[in-house]
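Protein chains in written order, with my numbering: chain S, 1 to 256; chain V, 1001 to 1256; chain C, 2001 to 2256; chain U, 3001 to 3256; chain E, 4001 to 4256; chain D, 5001 to 5256; chain Z, 6001 to 6256; chain B, 7001 to 7256.
No wet-lab data here; the hints were simulated from the structure.
Ideal Cβ positions, reconstructed from N, Cα and C, are used throughout, including at glycine.
Take the hints with a grain of salt, since some may be wrong.
Within a straight-line C-alpha distance of at most 20 Å, the following computed SDA-like cross-link-like pairs (lysine to any residue) qualify [to be verified]:
id	chain 1	residue 1	chain 2	residue 2
1	E	Lys4211	E	Gln4256
2	U	Lys3004	C	Gln2098
3	C	Lys2136	S	Arg140
4	U	Lys3185	U	Arg3201
5	B	Lys7185	V	Asn1205
6	U	Lys3211	U	Ala3192
So, partial list: chain E residues that the calculated Cβ filter (under 10 Å) puts toward chain D [unchecked claim]:
id	residue
7	Val4010
8	Ile4063
9	Ile4077
Chain residues, written in single-letter form:
There are 8 protein chains.
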Amino acid sequence: MSQKELDEVVISRAILAEQNSVMMDYLDLECAVVGAGPAGLTAAAYLAEAGIKTGVIEKKLSIGGGMWGGGMMFPRIVVQEEARPILDKFDITYKEYQENYYVASSVEAVSHLTAAACDAGAEFFNVTMVEDVVIKSDGRVSGLVINWTAVEMAHLHIDPLTLRTKYTIDATGHDATVAHQVKNKGGDLPIAGEGFMWADRAEANIFGHTKEVFPGLIVAGMAANAVAGETRMGPIFGGMLLSGRRAAEIVKNNLQ
Amino acid sequence: MSQKELDEVVISRAILAEQNSVMMDYLDLECAVVGAGPAGLTAAAYLAEAGIKTGVIEKKLSIGGGMWGGGMMFPRIVVQEEARPILDKFDITYKEYQENYYVASSVEAVSHLTAAACDAGAEFFNVTMVEDVVIKSDGRVSGLVINWTAVEMAHLHIDPLTLRTKYTIDATGHDATVAHQVKNKGGDLPIAGEGFMWADRAEANIFGHTKEVFPGLIVAGMAANAVAGETRMGPIFGGMLLSGRRAAEIVKNNLQ
Amino acid sequence: MSQKELDEVVISRAILAEQNSVMMDYLDLECAVVGAGPAGLTAAAYLAEAGIKTGVIEKKLSIGGGMWGGGMMFPRIVVQEEARPILDKFDITYKEYQENYYVASSVEAVSHLTAAACDAGAEFFNVTMVEDVVIKSDGRVSGLVINWTAVEMAHLHIDPLTLRTKYTIDATGHDATVAHQVKNKGGDLPIAGEGFMWADRAEANIFGHTKEVFPGLIVAGMAANAVAGETRMGPIFGGMLLSGRRAAEIVKNNLQ
Amino acid sequence: MSQKELDEVVISRAILAEQNSVMMDYLDLECAVVGAGPAGLTAAAYLAEAGIKTGVIEKKLSIGGGMWGGGMMFPRIVVQEEARPILDKFDITYKEYQENYYVASSVEAVSHLTAAACDAGAEFFNVTMVEDVVIKSDGRVSGLVINWTAVEMAHLHIDPLTLRTKYTIDATGHDATVAHQVKNKGGDLPIAGEGFMWADRAEANIFGHTKEVFPGLIVAGMAANAVAGETRMGPIFGGMLLSGRRAAEIVKNNLQ
Amino acid sequence: MSQKELDEVVISRAILAEQNSVMMDYLDLECAVVGAGPAGLTAAAYLAEAGIKTGVIEKKLSIGGGMWGGGMMFPRIVVQEEARPILDKFDITYKEYQENYYVASSVEAVSHLTAAACDAGAEFFNVTMVEDVVIKSDGRVSGLVINWTAVEMAHLHIDPLTLRTKYTIDATGHDATVAHQVKNKGGDLPIAGEGFMWADRAEANIFGHTKEVFPGLIVAGMAANAVAGETRMGPIFGGMLLSGRRAAEIVKNNLQ
Amino acid sequence: MSQKELDEVVISRAILAEQNSVMMDYLDLECAVVGAGPAGLTAAAYLAEAGIKTGVIEKKLSIGGGMWGGGMMFPRIVVQEEARPILDKFDITYKEYQENYYVASSVEAVSHLTAAACDAGAEFFNVTMVEDVVIKSDGRVSGLVINWTAVEMAHLHIDPLTLRTKYTIDATGHDATVAHQVKNKGGDLPIAGEGFMWADRAEANIFGHTKEVFPGLIVAGMAANAVAGETRMGPIFGGMLLSGRRAAEIVKNNLQ
Amino acid sequence: MSQKELDEVVISRAILAEQNSVMMDYLDLECAVVGAGPAGLTAAAYLAEAGIKTGVIEKKLSIGGGMWGGGMMFPRIVVQEEARPILDKFDITYKEYQENYYVASSVEAVSHLTAAACDAGAEFFNVTMVEDVVIKSDGRVSGLVINWTAVEMAHLHIDPLTLRTKYTIDATGHDATVAHQVKNKGGDLPIAGEGFMWADRAEANIFGHTKEVFPGLIVAGMAANAVAGETRMGPIFGGMLLSGRRAAEIVKNNLQ
Amino acid sequence: MSQKELDEVVISRAILAEQNSVMMDYLDLECAVVGAGPAGLTAAAYLAEAGIKTGVIEKKLSIGGGMWGGGMMFPRIVVQEEARPILDKFDITYKEYQENYYVASSVEAVSHLTAAACDAGAEFFNVTMVEDVVIKSDGRVSGLVINWTAVEMAHLHIDPLTLRTKYTIDATGHDATVAHQVKNKGGDLPIAGEGFMWADRAEANIFGHTKEVFPGLIVAGMAANAVAGETRMGPIFGGMLLSGRRAAEIVKNNLQ
């Protein structure tokens, strides 16, 4: 194998220059999606596909959230009939276990959703956490205060940076992190907390719970159910995908 | 949103039944790829594409290995000219930083490589670690001793299970985990260890170091360079992709 | 010693196939016993003996709960006159220390109780924790949300699975884990918490506190006293055994 | 439920008096079994059945060693034809998976083996670790230096106590703890370390490796294979049971 | 150096027999002192001197509490005029820094106080913690629920034992452990918590705060001030010694 | 209780002034005793009694070393006939268990030894560790490099201070810390390491092993046996006390 | 390089003597500044410059607080027009990014502020924490209770010392440590807690929030905003510097 | 206080833009100084003063290394006669303790050295660690492999970046980190390790040990002594400063 000579410093500069350019640009977003699990990835894919400038902020180093492990580390997920079109759209294969129950590989599902969001043009900021929100005199969530997750993991005390965004989708799972940040500092955003397990009800209602719960802040996926006090759903993912798509639609409509 | 009623127990059974069926089947492999970083994913994609029964074993919950973080948490990677065809094959977009230096998003790269391996038919076993190898009277690595990574993380003492494989690709990075397991218990497999950083040399030689280093065991990616005592490369990924493809070719040739 | 050849993959498949078959079946129970300490084991033994389909869920790897260590690591337990018939039933030997105080080996007691529950036909799910309960429109605890304990110990975020059960016995000790899960999410189940140490009163009243405290949920052993606000008992185990037997009777009666 | 009044201090004294009496007596043993896994429990059951004064020392709080978790947390074990009589002797039920492969519940197996050792008269010292051995001018392992495991877990510096024993069986698994203590302080006891996984060979040879490897010290179970440099076996337990029985026979013969 | 032969087992039995005899006896006390800091040691010395059967329970392995480190690790303490007689009584030497301020070595002070309590006949139970109290129908603290501290440090779940006592002195410092145990389970014992630092006031008032705050329970030293909501005192120890002596007097008077 | 007004700042200055004066003085010693367990305390008591300027350096906050816990947390120690005079000298009471075996309370023993060393005039530096030794052109251990133990426990990087000493007694137990520091940096001081348990031999030989093993460095107690490769002794303390006295004699003779 | 002979003990004594002299003196202050971040350092520099006896207490080993890391570990800070004179005063260089936004190196800023405070005559006590405050009958914060931070990090229980001060500036960042200590023990000092991010408002109002919030206690920097319930500011430091200067002015005025 | 409106996104962009520009530039250095303790800071100040493009890489968040804590947390350092000119040059004040021993504040010393290096034009990269070195066919250390320290502290696996440098000064203290990286991967660089404490000798010889020990790599400060096997020095800093100045001179001479 022959090749042109490679210089480590050029490699380093290529990375720094490209990422700096992206970060400078993406400090001003149309929509920030917080949390890169199934709902967040679906939302990001639909948003970016619609030409909306979208940044996805994920506290972990890897993208995919709680989906990698399937149920009890058996890496399979289940999706019901209604959400099958989303699997089809993202080329995720599945098997019918019995009527209305389709089983997919969790690894395949994560990678296809992530790839779709990338391909549509969403930009990812991983190892990055949202520490706080910006709320000014208009009373809207109009920015996010971000920092490296590694800074927190290392117990270092280092100031954050801030990005501006027209809309934020909280897709952080049952922690509903952004919603809690708004609530904990006095925002008028009641959070009821997730209820008992009852998958059928949870799946039926998640669509309705996906909405703007505070000016500028939409909740999606399990965060939507947690805010609404809805029941738990477990390793059934149809509602998550539908909720992600719904959140994207709300933002699209609002931006028009 | 209306839907058919969902039953949690059917969801649970769908997951258990499907994964049990996969596990029962995949305890007997043609090729086991250990480590789901760039080299391992590339190898798995080419192997599965060739119709070889391939299982990928990854100790972490997420797939992608050390690629997610780019360089110093700036999520970009660099690839040189020679490996550009592999980016093209897997639909990974890139920008030219200067001649011979192409920059891609690390998140996009991971997700496309993973999706490609899934689509080609490779099966993934995540949260799973290789504890040991099977070597019998024929002196070959003919199986892998596996366990849940969570068992080790929780400091529990629980017996492993075992899978049979015709070939194993050690794509575990500079730890070269499987190679070390062979060496530590007395196998004739000298491991020189990774050298100083010298990306140009490392990239030039990795192709040659990708080979069967012990009967049944091929090394790929940084594991290949670590076994050979080759220099380090840093966040340049062309050699990794080419090494993964080469490892797949070696296994394909051997299986014919 | 000569023998037929043993194949590691057949061994692995035997384990997977058998346990998968058990798990598929036991996702639908007549009675789930949570916690495999003295009360839970006694309940399970009596339930299974009566032909009731019983699963025991224990968060630790080992079965036996807090009984192994006797008092202050001296592995002896004390049982009073009234519970002597249960020791006799389970072939647990004892010595009279003085009238009404019988001393047994804690190791022997645990192993005989566990063996009895196994022999009667109860099925054990160890290293498994109950994360949550299923409560639907009928307002009953009608299922349990379970996960590997190792997943929690390893700080991984992985979805649970769910089992269905007609009755649940909370035998988790003074934590009264299941009762607290019901309470914490808004179920009408007041929990007074364990009182001061007063063995005599605790033993006298535990029988009465063993009851259905929420539709579908029976409390037994120290969990019964913790819910009722009863006093502590220490290393005297007669009340625990009697409470376990009583809980089994309640379930048997309800199932008829 | 009425009862005679119970006094906490009498309960405490009953425990202290009984255990003190046992400890005073069992500081002088005919055989000490270190490690209460399958090999140690089997050995203890056969020894005690033969009327030999036997103490079992287990570092964990619970008895059973690595058997509780089956393979990869699926709580099933496999036993081959030759060891079936031992299962039968201890009333452990099993199913035939295919010829020569019998599957049992790991929970049932542990509890029956423990109960059998108790019933035969072995005495258990749990939460207790062997820190060192006694070797005097006769060059034999003639005693064990013991301490609470909790002392080590709490990082406290507290002196141990010592017991005398005619024979010691090291059944501590692949750590071969006692054998290593002898070796590390200069005893002539070469330890080859466990080899690669090869269940068939490991099972065939364990019987021969079960022997007195140093004056007064017999190795059994995985400790026997670890000392001999034999291969690994995984979740097949026939050899373990046969090795435990063999170790008991060696001690019995030597004591006559 | 010649000597008679020493037998490890006799040494071990001597320790076990002697301590068992002491423990059996001291499960029934006239006064339990919890916490072996300056106040507790002083109380114990005066109590035992008066012929009262006294047990001192200390959660740490070493005796002395917070006195070893003086102020900011400078191992000196200060005592004022009024408490000088107690220093003299216990043969603790001191230097006059200026009028009313006497400086002593913290190491000397701890060792003399401990020696005095031992010599007077108090019995020490170190590495032992009070988990709970016994309160029966008479509404008095009439016993203590004790366990090895090592059990808690090792995160083991093991039942405690119980001792009976006519009086208990809580000398556990500002944690006021026993008082909180009474309060937390519903005892009518308001605890105001320690105030700001104001040594002069704290020293002036501690004598008055040393009293029976719940039937059977006397508080002494910083625990007395913590219960009363008194101010902090820092490394001035006169009030601690006087409070310890006062607590002993109260118990003596009550027992007559 | 009335009293003169107390000022916190005067209290603080009294402590600082007194300890600074002691530290300034004790940076130049005749004998440094490292480790305040039984051997070190005995040595310090005899040295100071002889008018030798003695500093005791103890890494823990409390004084007493491994003696507090007796054997297996039963706080009793055993002493044989020959060392009885030392118990008598330090007013430590004991009971005869059988001929030649005298049992004492570990708490009483520690406090009396510490008090004796204080009373004789030894100065204690607790929470202080020896990081290194001073060896100059004369090849002697002529100083110790000391630091707060808290600095190491807090993982801080802070420079030490240094004291000068004519002789150093390493009484740090089987770690033989100072001896290892000399050895690890190239000093000619072979350390054989402690042997198996054999109390009788260990006690017989410790006297002879107590000697100057490197210019300026005497070993005492378990450190003496560890350097010499002698056997272990367990909770028999006669040899420790005799070794401490012997070390003091060696220093006294050398200083004359 | 030739030199006069250096003696380690003289070096040690020089350090001890000098620091003891400083500590003895600085136990009585005119102003204590707690927290050595940008606001505290600025305050200390102005105070000392005015001839006020000032001690700075910093819990970390290093001085500089949260300023070292700039924003997200990019070591740059931003200062606006109004605070430019303070940069100029302390010789901190900067670049204009755009009108009203000046960028400086965080390392340069910290070192110049620290040097300025030193040069003006402030004395630093690092690795030192404030545990509590002194409040006597006059109801003022008139002293601070201090201890080594290493003592807390090492989980040791050691008494503090106390210093007297006429004024205290709480410059501990959003923790507002001293203010919380006053509040938590009952002082009338309401703390609203920091609001959402809104740099413009935070910077505009910090000057007004810098004031005496409790007799003797002034808050500065983020502590001022935290007490007032003001919004967050992020890595803009003008307000911090202005607040520090303002706090110094308040103290100066009060002391006249 | 009135001000122009501040925008969080402009603040963030100012930081990103400025630091990116610095990093892009400083990936190509004339001299890299690794470790920002006294020797490294002195070297950096002299190098930058001479117009050499100098980057300082420090693994901690704060600058100053081991100097902050003085000796045993007493924040004072000692400097001898010969190094007094360097104190004078950097405006660090001191007091004469006795002839040839000058005491300075450690906080003042650190801040002045850091400020001097900044003012001279050195650029600081804190929270940054050197993982490895670049050595190519010319056999020189010609680059450094760097990463965020937070990445390692958070146990994340993320690739580093690389910088080019003509010379590297290893001023990492006795760890001599860069020298060890060269040695551990096979570079011909023997490291003798630090000797016993002997300040006088250490200070006399450090000047001579400050030299180019491997092509491109100069050692300074304690790293120089550690490589040479020289003795320790403790909290005397003259040699450190002189060594730092000497290292700068060597690099200056080589670059001409």
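Each hint tested on the structure:
1. Proposed proximity of Lys4211/E and Gln4256/E is supported: the alpha carbons are some 17 Å apart, at most 20 Å.
2. Restraint check: the Cα-Cα separation between Lys3004/U and Gln2098/C comes to about 12 Å, which is no more than 20 Å; the hinted pair holds.
3. The suggested pairing of Lys2136/C with Arg140/S is violated, with an alpha-carbon distance near 37 Å, which exceeds 20 Å.
4. Of the supplied pair hints, the one linking Lys3185/U and Arg3201/U is violated, its CA atoms being roughly 31 Å apart against a limit of 20 Å.
5. The suggested pairing of Lys7185/B with Asn1205/V holds, with an alpha-carbon distance near 18 Å, which does not exceed 20 Å.
6. This hinted pair checks out: Lys3211/U and Ala3192/U have alpha carbons roughly 15 Å apart, not beyond 20 Å.
7. Restraint check, Val4010/E versus chain D: the minimum CB separation of about 6 Å is within 10 Å; hint holds.
8. Taken as an interface hint, Ile4063/E checks out: its beta carbon lies about 6 Å from the nearest beta carbon of chain D, inside 10 Å.
9. For Ile4077/E, the interface hint holds, the least distance from its beta-carbon to any beta-carbon of chain D being 7 Å, beneath 10 Å.
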